[in-house]
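Participant: All chains, please: the whole structure from these sequences, using the hints.
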Amino acid sequence: MDFNKLDKNIKEELHKEFSQYADILGGKNFFLKMIEEIRAEKPNPILNKSGTFHTSKAKLTLSKSMFKDTFTTLFDAIRREEKKGDMLDGINPKEYKNTMNMMRTLKSVNITVQSKDENEESFSFDILDTREEKKTKVTFTFKAIFFYHLDEAKKALNYKD
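In my numbering, the protein residues as written are 2 to 162.
The hints are simulated quantities; they were obtained by calculation from the structure and are not laboratory data.
Check each hint, because a few of them may be wrong.
[Stated by the list, open to error] Cβ-Cβ distance ranges computed for the label pairs, FRET-style: (1) Lys-17 to Asn-93: 35 to 45 angstroms; (2) Lys-17 to Asn-45: 24 to 34 angstroms; (3) Ser-20 to Glu-96: 29 to 39 angstroms; (4) Asn-45 to Lys-6: 21 to 31 angstroms; (5) Asn-159 to Met-101: 17 to 27 angstroms; (6) Ala-41 to Asp-77: 21 to 31 angstroms; (7) Glu-121 to Glu-42: 20 to 30 angstroms; (8) Asn-10 to Ser-125: 39 to 49 angstroms; (9) Asp-77 to Asp-118: 31 to 41 angstroms; (10) Pro-94 to Thr-131: 17 to 27 angstroms.
[As the list claims (entries may be wrong)] Calculated cross-link-like contacts (lysine-lysine; reagent style DSSO-like; alpha-carbon spacing at most 30 angstroms): (11) Lys-50 to Lys-12; (12) Lys-85 to Lys-95; (13) Lys-58 to Lys-84; (14) Lys-138 to Lys-95; (15) Lys-60 to Lys-144; (16) Lys-34 to Lys-50; (17) Lys-69 to Lys-85; (18) Lys-43 to Lys-161; (19) Lys-58 to Lys-69; (20) Lys-29 to Lys-12; (21) Lys-135 to Lys-34; (22) Lys-117 to Lys-135; (23) Lys-98 to Lys-29; (24) Lys-161 to Lys-144; (25) Lys-117 to Lys-98; (26) Lys-12 to Lys-98; (27) Lys-117 to Lys-29; (28) Lys-43 to Lys-98; (29) Lys-58 to Lys-156; (30) Lys-136 to Lys-117; (31) Lys-69 to Lys-161; (32) Lys-12 to Lys-34; (33) Lys-50 to Lys-144; (34) Lys-17 to Lys-34; (35) Lys-6 to Lys-144; (36) Lys-60 to Lys-98; (37) Lys-85 to Lys-58; (38) Lys-17 to Lys-136.
Note that the coordinates shown come from a computational prediction; the quantities given were computed from them, not determined experimentally.
Quick reminder that beta carbons are idealized off the backbone N, C-alpha and C, glycines included.
Facilitator: What follows is the structure, encoded as structure tokens:
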């Protein structure tokens with residue numbers, strides 16, 4: 002997904018959301034540094050058994066720990082969603098079952114990011130957007146932090162009309 006191809010209202014909403022997150026962490030550079038630190042960690046920090054990961058400026062906590070097979074299915078679904086517009090479009094029955102199980106598992110999971118500064122403010126976001134029935138999507142925030150190139154988060158932070 003390309004931020005520049007999104008609808009104007011969605012761009013403004015994402016800009017506000019990302020700016021708010023950056024302010025909580027102490028600025029744009031700290032927010033971007035957190036994303037870089039997450040990406041540099043191998044294996045992916047979302048797979049920590051405790052569901053917690055520390056960066057230099059923040060502590061990320063999953064409401065429920067994630068297993069490798071769920072993680073792999075999620076990333077396959079993101080790739081399919083990027084290509085075809087829907088994570089369930091054109092998949093075989095076994096993949097469909099795995100994807101539906103992943104969606105049921107992650108529907109209620111959210112990620113909380115808490116600043117390590119003295120104010121200890123925090124923000125949280127869901128992995129899946131389930132507002133529309135039968136149209137579950139992975140949230141842009143999750144994809145920008147864990148999946149997309151860093152430039153997508155920069156575009157959202159620096160967006161101007």
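Participant: If a hint holds in the structure, say so; if it does not, say that too.
Facilitator: Hints, verified against the model:
1. Lys-17 to Asn-93: 35 to 45 angstroms: 40 angstroms, holds
2. Lys-17 to Asn-45: 24 to 34 angstroms: 28 angstroms, holds
3. Ser-20 to Glu-96: 29 to 39 angstroms: At 37 angstroms between Cβs, range holds.
4. Asn-45 to Lys-6: 21 to 31 angstroms: For Asn-45 and Lys-6 the Cβ distance comes to about 27 angstroms; the hint holds.
5. Asn-159 to Met-101: 17 to 27 angstroms: 37 angstroms, violated
6. Ala-41 to Asp-77: 21 to 31 angstroms: Roughly 23 angstroms apart at Cβ, these two residues keep to the hinted range, so it holds.
7. Glu-121 to Glu-42: 20 to 30 angstroms: Holds, at about 22 angstroms.
8. Asn-10 to Ser-125: 39 to 49 angstroms: 23 angstroms, violated
9. Asp-77 to Asp-118: 31 to 41 angstroms: 37 angstroms, holds
10. Pro-94 to Thr-131: 17 to 27 angstroms: For Thr-131 against Pro-94, whose Cβ atoms are near 23 angstroms apart, the range 17 to 27 angstroms holds.
11. Lys-50 to Lys-12: 34 angstroms, violated
12. Lys-85 to Lys-95: At roughly 19 angstroms apart (the allowed maximum being 30 angstroms), Lys-95 and Lys-85 satisfy the hint.
13. Lys-58 to Lys-84: The given pair, whose Cα atoms are some 34 angstroms apart, is violated under the 30 angstroms limit.
14. Lys-138 to Lys-95: Judged against 30 angstroms, a Cα distance of about 20 angstroms means the pair holds.
15. Lys-60 to Lys-144: The hint holds at about 18 angstroms.
16. Lys-34 to Lys-50: 23 angstroms, holds
17. Lys-69 to Lys-85: Holds, at roughly 24 angstroms.
18. Lys-43 to Lys-161: Outside the cut-off at roughly 34 angstroms; violated.
19. Lys-58 to Lys-69: 26 angstroms, holds
20. Lys-29 to Lys-12: Cα-Cα ~17 angstroms, so holds.
21. Lys-135 to Lys-34: Distance of about 35 angstroms is beyond 30 angstroms: violated.
22. Lys-117 to Lys-135: 38 angstroms, violated
23. Lys-98 to Lys-29: Judged against 30 angstroms, a Cα distance of about 40 angstroms means the pair is violated.
24. Lys-161 to Lys-144: 21 angstroms, holds
25. Lys-117 to Lys-98: 40 angstroms, violated
26. Lys-12 to Lys-98: Judged against 30 angstroms, a Cα distance of about 33 angstroms means the pair is violated.
27. Lys-117 to Lys-29: Since the Cα atoms of Lys-117 and Lys-29 sit roughly 15 angstroms apart, the hinted pair holds (cutoff 30 angstroms).
28. Lys-43 to Lys-98: Satisfied, since the Cα-Cα distance of roughly 28 angstroms is no more than 30 angstroms.
29. Lys-58 to Lys-156: 21 angstroms, holds
30. Lys-136 to Lys-117: 36 angstroms, violated
31. Lys-69 to Lys-161: 38 angstroms, violated
32. Lys-12 to Lys-34: Status holds; Cα separation ~22 angstroms.
33. Lys-50 to Lys-144: 21 angstroms, holds
34. Lys-17 to Lys-34: Cα-Cα ~19 angstroms, so holds.
35. Lys-6 to Lys-144: 16 angstroms, holds
36. Lys-60 to Lys-98: 33 angstroms, violated
37. Lys-85 to Lys-58: Judged against 30 angstroms, a Cα distance of about 36 angstroms means the pair is violated.
38. Lys-17 to Lys-136: 24 angstroms, holds
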